[in-house]
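Given next are the chains, with one letter for each unit.
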Amino acid sequence: MDFNLTPLNKMVIKTARAFCETEIPAIDAYMKEHNDYPPYLQEIFAKHHMLGMDIPKELGGIGADNFNLILIAEEVGKTASTCMLPFFMNNSVAETICHWGTEEVIKKFVPPLCDGTAWASMAFTEPNTGSDPRALTLTAEPDGDDFILNGTKRFISMANKPGPGVFFAKDLSMKGKPFDTTAFIVDKMSPGITFSGHYELMGLDGADTCDVFFTDVRVPKANILGRQGKGFPILLRWIAGERIQQCAATIGGGQAALDESVKYGNQRVVGGFPMGYMQGFSWMLADMKTRVEACRLLCYKTVKLQDEKNKGFEAASSELKVLTVPLIQEVCRQAVQFHGSYGYSKEYKVEKIFRNAMHLGVVASSLEINKTIAGMTILTQK
Amino acid sequence: MTAIKDLSAYKGVWVFIEQFEGKLTNSTLSLEILGEGRKLADKLGTDLTAVILGENLEKTAGDLIKYGANTVLVADAPVLANYRTELYTDIICQAAKERKPEILLVGASATGRDLAPRISFRLHTGCTADCTELDIDDEKKILVSTRPAFGGNVMATILCPDHRPQMSTVRPGVMMLPTWDEARTGEVIKLEVTAKEEDAKVKILEVKKHEASAQNIQEAVRVVSAGLGACTGNCFDQLKELAKELDAEIGGTRPVFETGLISHDVQIGQTGKTVRPELYMAVGISGTVQHTTGMANSRTVVAINKDPNAEIFKFAHYGIVGDAKAVVPALIAQLKASRN
Amino acid sequence: MKIIVCIKQVPDVTEVKWDENGSLIRTGLPSIINPNDKNAIEAALTLKEEKGAEITVVSMGPPQVEEALREAMAMGCDHAVLLTDRKFGGADCWATAYTLGMAIKKLGHFDLIFSGVEAMDGNTAQVGPEIADFLGLPLLSYAEAIEVGEGTVKIHQKLGDLTRVIEGPMPALITCEKELNVPRIPRMDLVFECFEKEIKVLGMADVDGELENFGLKGSPTRLRKVFSPKRAKAQVEFLEGTPKESSQKLVEKLHEINAI
Chain X
1 MDFNLTPLNK MVIKTARAFC ETEIPAIDAY MKEHNDYPPY LQEIFAKHHM LGMDIPKELG
61 GIGADNFNLI LIAEEVGKTA STCMLPFFMN NSVAETICHW GTEEVIKKFV PPLCDGTAWA
121 SMAFTEPNTG SDPRALTLTA EPDGDDFILN GTKRFISMAN KPGPGVFFAK DLSMKGKPFD
181 TTAFIVDKMS PGITFSGHYE LMGLDGADTC DVFFTDVRVP KANILGRQGK GFPILLRWIA
241 GERIQQCAAT IGGGQAALDE SVKYGNQRVV GGFPMGYMQG FSWMLADMKT RVEACRLLCY
301 KTVKLQDEKN KGFEAASSEL KVLTVPLIQE VCRQAVQFHG SYGYSKEYKV EKIFRNAMHL
361 GVVASSLEIN KTIAGMTILT QK
Chain V
1001 MTAIKDLSAY KGVWVFIEQF EGKLTNSTLS LEILGEGRKL ADKLGTDLTA VILGENLEKT
1061 AGDLIKYGAN TVLVADAPVL ANYRTELYTD IICQAAKERK PEILLVGASA TGRDLAPRIS
1121 FRLHTGCTAD CTELDIDDEK KILVSTRPAF GGNVMATILC PDHRPQMSTV RPGVMMLPTW
1181 DEARTGEVIK LEVTAKEEDA KVKILEVKKH EASAQNIQEA VRVVSAGLGA CTGNCFDQLK
1241 ELAKELDAEI GGTRPVFETG LISHDVQIGQ TGKTVRPELY MAVGISGTVQ HTTGMANSRT
1301 VVAINKDPNA EIFKFAHYGI VGDAKAVVPA LIAQLKASRN
Chain Z
2001 MKIIVCIKQV PDVTEVKWDE NGSLIRTGLP SIINPNDKNA IEAALTLKEE KGAEITVVSM
2061 GPPQVEEALR EAMAMGCDHA VLLTDRKFGG ADCWATAYTL GMAIKKLGHF DLIFSGVEAM
2121 DGNTAQVGPE IADFLGLPLL SYAEAIEVGE GTVKIHQKLG DLTRVIEGPM PALITCEKEL
2181 NVPRIPRMDL VFECFEKEIK VLGMADVDGE LENFGLKGSP TRLRKVFSPK RAKAQVEFLE
2241 GTPKESSQKL VEKLHEINAI
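One line per chain: the protein sequences are X, V and Z, in this order.
Counting from 1, one number per residue, gives the positions in the first sequence under the working numbering.
Counting from 1001, one number per residue, gives the positions in the second sequence under the working numbering.
Counting from 2001, one number per residue, gives the positions in the third sequence under the working numbering.
Here chain X stands alone, though its shape is the one from the complex (with noise of 0.2 Å):
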């Protein structure tokens, strides 16, 4: 065992915090003042060469690992930016279809999502479901070679993008069948496609979320992705690759959180000599610290297990989830209290990151989800 990064881990997370310092302030004041992305994001991750991390290079993607993925989140997590979500969107669907896409489907959806000219989604949620197959309302029947999609999906994000989104729906040829889950691939700009306007969140800044309306939307046979009624093995495997890119960005923030309070334990003064000298503050960045170490090991050690292909990676992201979820939204918590009346002051960056950490116990699969995935492996494995 090593717990030592290698020189190009180090590189990666370099250049990524390069990249942070140079491109995300300027995207950040898009969103502010638009309430959105960039329409060209993509472009820019895309010229970094930050698209498709573990995709080959032959379909334009960087041939590198889910490791140094994560590297880069947490790296992009640090600056607390709602653009890290298109950043993992993009990644994660593009891993996606080129594990379970038949030939003509990669080819035809992977490069644009790795030159940045299209935007992933991945769209399972609806108005009464959120982790159930069976509830799914969203409904696909056979028409020729197309399929018809009618229904609503609920609080998918770059949405309204350009690009191919991942829609799980009932698949009507399955009736009958024990699962009839079928992923489809969709042009998100197709005929018979409308959107709401975007959900104000708690966090994440300027985040495009929204609901989609499907009337009659014709999807071709051929973008079925994986088999017809084997959708929710793709959503589990896919969410469970996202929960460790978003524990990874959230454990950054975490970091972040960690880093503003032991710089302003530093810079205030009280009584005078630096505040955080003082017994009670400096426990809790006692308690900071640890926690963010102990995340991140789990994090570092989960996302091998991806890396290896090893399948036993889902329920043990669950796990990372269990983790992160209370540890790191406790550290944020701990950082708004360092910095008393400033941290609650969106002056100060701990506020942000404090309502972004919010949203890794409530998104992609609650926390309890995940306990009862984690607990329920635990009980079914010797």
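One or more of the hints may lead you astray.
[Claimed, not checked] As a list, the in silico DSS-like pairs of lysine-lysine whose alpha-carbon atoms are at most 27 Å apart:
1) Lys57/X <-> Lys2051/Z
2) Lys2244/Z <-> Lys1244/V
3) Lys1336/V <-> Lys2253/Z
4) Lys14/X <-> Lys47/X
5) Lys2048/Z <-> Lys57/X
6) Lys1043/V <-> Lys1100/V
7) Lys263/X <-> Lys349/X
[Said to hold, decoys possible] Now the stretches of chain V that chain Z is said to cover, found in silico as 3 or more residues with beta-carbon under 8 Å:
8) 1102-1113
9) 1159-1168
10) 1271-1282
11) 1294-1303
12) 1315-1323
Everything labelled a hint here was simulated from the structure, so no lab data went into it.
Just so it is clear, CB atoms sit at the ideal spot from N, CA and C, and this is done for glycine as well.
Dock chains V and Z against the given chain X, drawing on the hints supplied.
Okay, now just chains V and Z, sitting in the frame of chain X:
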């Protein structure tokens, strides 16, 4: 390249003098090193030689004697009118090989920093760049050069014991100007110039003077200097207004230069300019040693900083503890009021 | 076109910290590519994109300079050469220029050499011009703009209070200013690729040259001592009160001493 030199054959202190259009440049740097060269020559009991290359130099060459040179070596030709690295290097190296000076000083101006290393390489000798202090070792009778190093965080004292001439480039603003003495006499020697325009590999297509007043920060009587503490919001703009009120030049610290608010020409400190104005107003500057060595010799220092323990107050004659954002506008208002 | 870029790995002196006795803490400083040298790399990469070029980046130093060379390749340079040898240690500007010059001779034909104007740790600005002299190349220093023509190269030179347009034949050596460009950051795919590339390592035996010209032995200058700068002290008089009151006091004081 490595033949051992007979060091005793090397005598005299040379100083390279910069000219523009036949006259001394606006900067007093060449005269500063002439003054310093005089001191070193006197300490060694030897002659001071000024070396000047250009066109129409007769009067300027004479002036250099009044400023303290015993001898002036003049290379006067149209081809030398504008500074060109290779031509200047060729002529100075040739003269140095023939006449064997023991010390050669060059100003650490852009031109000097371009020229000196080329000469030193060709003569296979050491050149200490950007010196702020020069002296002669009493015992060994060799040049002792002191310069900032490590980004100005430390000072290094450097010798060139076994090679000649011992070369140094000297920072502007650190040496005293020589006194003009009408009575001084000396010899002007013309160096033969064989180079022709077609020999010059590098052609000068255009020469433009900067319009920026920023060049004058070393000659400014008053300087308003910005630290990072004076760069938030519109504070820097207010600082410019304050500078205008005080008829001062604006400068700043290295971190402020890094932000792009000021140019390198007006960065003050070890890696920038050394200034000695009558009034130095440090706003939002903490006073790291990298900065203070560039301004510590100012006559009157005013420091404005919100941290009462900031190092800068150790250099200040007057201090105001407060946020630049609040103090600067108040100061502008007071200056305006005091004029009425 | 073949371009050689000379770079130096330096401690990031902007991150310098001091211990409680006021002494410089030198250890633990991050190592970076000297900022001006990044401008040199960017200049070469710009030419590569505009006209096509093969770029070799060269650096002298201890083995850990590998990191800087890989970063240069991650920015887009094609090849890297590391000059490392215990006998190179302790080199001053002269010996450094000699070593780099000898190595460049070994690398074969080139059209341009780029370097930064100066390094942020030493600030001597000497090695570039010295290499030019060693190789007998025209020196185009302080470049703020570069235009490559047919067999010639033109630069905008920031020479103190003058800006000159000067032109020389190629091959030539150009030293690059901060104002020349904004260096790109490494590209993520090239970060991975650069670790698959080989770095050519040259020691003293490989570059030939005379033993007595390398390293400390070949350095005409000698370091006598290093010390912390003296700090001049003034007795500060604090002017108290609200910003308005303290400003008023200051203006009065400055009038008293005829400073304004």
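Task: Numbers of unmet hints, in rising order - done: The structure conflicts with no hint, since it agrees with every one listed earlier.
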